[in-house]
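Line by line, the protein sequences give chains Y and C. So in my numbering, spot 313 of the first sequence is number 323, and the numbers just go up one at a time. So in my numbering, spot 238 of the second sequence is number 248, and the numbers just go up one at a time.
A portion of the hints provided could be inaccurate.
It does not matter which identical chain is used: a pair holds within one copy or between any two.
To be verified - Under the rule of at most 27 Å between Cα atoms (straight-line distance), these lysine-lysine pairs were calculated in the DSS-like manner:
| hint | residue 1 | residue 2 |
| --- | --- | --- |
| 1 | 423 | 397 |
| 2 | 473 | 420 |
| 3 | 125 | 208 |
| 4 | 413 | 473 |
| 5 | 167 | 12 |
| 6 | 421 | 397 |
| 7 | 103 | 12 |
| 8 | 420 | 397 |
| 9 | 208 | 277 |
Calculated from the structure, these hints are not laboratory results. Since we're looking at a predicted model, the values are computed, not measured.
Number of protein chains: 2
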Amino acid sequence: MKAAIIGGGVIGGGWAARFLLNGWDVDVFDPDPEAARKLDAVLENARRSLPMLYEQGLPDEGRLRLVPTVAEAVTGADYVQESVPERLVLKHKVLAAVEAAAPDVPIGSSTSGFKPSELRTGMVNPGRLMVAHPFNPVYLLPLVELVWVGGDPGVAKAVQDMLTLVGMRPLVVRAEIDAHLADRFLEAVWREALWLIKDDIATTEEIDEAIRLGFGLRWAQMGLFETYRVAGGEGGMTHFVEQFGPALAWPWTKLMDVPELTPELAKKIGDQSDAQSGSLSIRELEGLRDRNLVAILRALKGEGSGAGQVLAAHDATLARPMAQALPLITVQRVIPSDWTDYNGHMNESRYGQVFSDAADAVMVHVGAGPDYIANGLSYFTVETSIKYLVETHAGEAVRVGTKVLIGEGKKLKLAHEMQRALDGVVLATCEQFLIHVSLESRSSCLPSASVQTAVEALAAAHK
Amino acid sequence: MKAAIIGGGVIGGGWAARFLLNGWDVDVFDPDPEAARKLDAVLENARRSLPMLYEQGLPDEGRLRLVPTVAEAVTGADYVQESVPERLVLKHKVLAAVEAAAPDVPIGSSTSGFKPSELRTGMVNPGRLMVAHPFNPVYLLPLVELVWVGGDPGVAKAVQDMLTLVGMRPLVVRAEIDAHLADRFLEAVWREALWLIKDDIATTEEIDEAIRLGFGLRWAQMGLFETYRVAGGEGGMTHFVEQFGPALAWPWTKLMDVPELTPELAKKIGDQSDAQSGSLSIRELEGLRDRNLVAILRALKGEGSGAGQVLAAHDATLARPMAQALPLITVQRVIPSDWTDYNGHMNESRYGQVFSDAADAVMVHVGAGPDYIANGLSYFTVETSIKYLVETHAGEAVRVGTKVLIGEGKKLKLAHEMQRALDGVVLATCEQFLIHVSLESRSSCLPSASVQTAVEALAAAHK
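Kindly produce the complete structure, drawing on both the sequences and the hints.
Right under this line is the structure:
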């Protein structure tokens, strides 16, 4: 598959990274003489962070080219994503160039403000143009607002599928309105924030604290309505809204004026923001943001909730059946940044997690995976011994080779070896002794006949 | 210390839980005949979730009483928190009753809308009344907006200190305005959301997805301004705001009308919310919310960012020097919900984490803690053997007893035993072999003389 990215800034670069790291070939067109440097900066962040979200390796990277014309970028593309600056004239010009070279390819626009009908003016084949509005950083955040109303449903479905395959969650916005959905909320918050700063009620830092220590933590997982559904309790949401409504009405009747964004106000915001975060460079802040996002997304993935659910579903699509090799390759993954400790290397307990995942892979391979467990049978680990040989760091790709040392009756003994994927250096070894149990009685029992046969075959092959 | 909680609903109950679980005695006054049941429900959630945030045990719970009068609740209290319904007449009545029984105690009001000056009308000693506006669930979210303008700075300082000690982050709001800070934003978002639903642009579920899969993930960690500072790049925040301003101005000029909250609109919201989450009871949603918050807060704690920084600072205040006992009690903690796996019990790798933490505690005890590591020396674990004896579940309190088996030269060998705190049942044992290293050369070397002496003394005592 090939994606054409028109406009290679922070947003376009983020799109390029998401497609590339999911195995697509990517051609980028951007006339900015600094385009290569800017694209590299985004890709460096993405290559570090995106693979950390998954419990297995992403596909091999596609081929990336920065090309000199729109025509070259879109020729042979399966999908075109437009992310040029928010000027309608410019967007129309770019879309005409895309149409001239690739008359049938689906086109998504990253516009945060324009409606599809505005973008489609003058197009020969307007039905394949839709808004596909992502959120920064595009390589980590799953949301993409898809506004295709008035367009071709078949093309929209194809785009939904493609975006889902690169780990995004296309949210179909059923009507075209200015700023789609999410940015309406962002703008509402901006309006309030501008007033608070203009009137010296609060600084940028105080506003950020008010958000991230309170409702921001709720919004990362449940959004607005589910949060209040819970807060409202047993009376139900209708009752809650009726109760809550009058209180809502008081302040909002006073907050309808729009502050004028004068140069003075812009400078005041800039100065306050410098005082808040000026000690950190933008690169350092990006690094902090991405480490936090990796940690939050992985936390939600563990609970199967919100963006974590999207991530878990994508992770599942990446799973490949394990080859019948010697040793079995049971784990292939990147070490995430939330697995390191104050020594700057992977915490010893996370070696245990890698080997625990390796044992899980063996379980799936012999037919004792989630379905088997749902039927009340499983293997429990009784004893683990780990030798730590070489330090392991965040961002490193590793693989685990596993041999079955013993596989008879209730007993299963595994030997794992974790290697650095880059050079095959052995990082740690592990012996793990497991017993087959009934999840109902919580005591040991024989596995099913088919699992027993599979385990015995592996033990014989690995002897 | 004793807190008096006036009003024991979702918010008051959350306050009661936070004080109680941080070792305060708590007297609650609430005339609702259902008060005991409602309070129990909040406490049950809090007892399960709050201890999971920490790497060590919280203080012993204080004593909780539901008392029949305001006077009884506030007598002898160090702090009074008022959380009665948002009616000014009722608040004034309650404050008068508080003053009659406790003339000098600091009083915080949970009001989300009223200004301190409105609440103080008619008070004898108004200077000790301030707004202390928390966020639901109060026992997990650290933010509390403190509006004491016009009040007594000494009292405000004392309240700030008390709230910090129970793990909160008091954000001083420097001017009194309707709805303080955070609720201004929440109300702005509510306004937009009501329009979107009224006009059939989006459902409650679509709005929640638009928030939690995109900017909600950013707001949990950086808030509004730091997020855009990063997005704006090297040009700086002033430049970004100047660029961004015109785009902001387009839609906001159209979104200034306020939708009327008719019964029809309330019902529409209720019906959509039922369709979205009706399959889950409020208790189930609360459980989901709290598990997600535990996971997100712990993720941010690992990065030392936002609410995670508040949490880490509070965790540090809970640390107590380890007693010179046999065995050393190296870990006392509750198993968090994000440590369990599909079998419903603690993942095997987390046993490794508990024992890794136990080794860290020994390091601190012998003088090889963070300062020692910052000076370039540390112990690295070379080998770990764990025997898993009994299943461990989320919410269970555990303790680890540790003996030093070998402590000579570069070598340190530890034997750990993890017990269930409730009944002393041994859950797992571990032997751990560590080597002292130079962090510069990454190779083994002798510890400092004082660390070596301490390690040898432990080995001799544990022989």
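Hint by hint, here is what the structure shows:
no. : hint         : result
1   : 423 with 397 : both (16 Å within a copy, 14 Å between copies)
2   : 473 with 420 : within (18 Å within a copy, 38 Å between copies)
3   : 125 with 208 : between (31 Å within a copy, 20 Å between copies)
4   : 413 with 473 : within (9 Å within a copy, 38 Å between copies)
5   : 167 with 12  : within (18 Å within a copy, 61 Å between copies)
6   : 421 with 397 : both (22 Å within a copy, 15 Å between copies)
7   : 103 with 12  : within (22 Å within a copy, 70 Å between copies)
8   : 420 with 397 : both (26 Å within a copy, 17 Å between copies)
9   : 208 with 277 : within (11 Å within a copy, 38 Å between copies)
Of the numbered hints given earlier, the model fails none.
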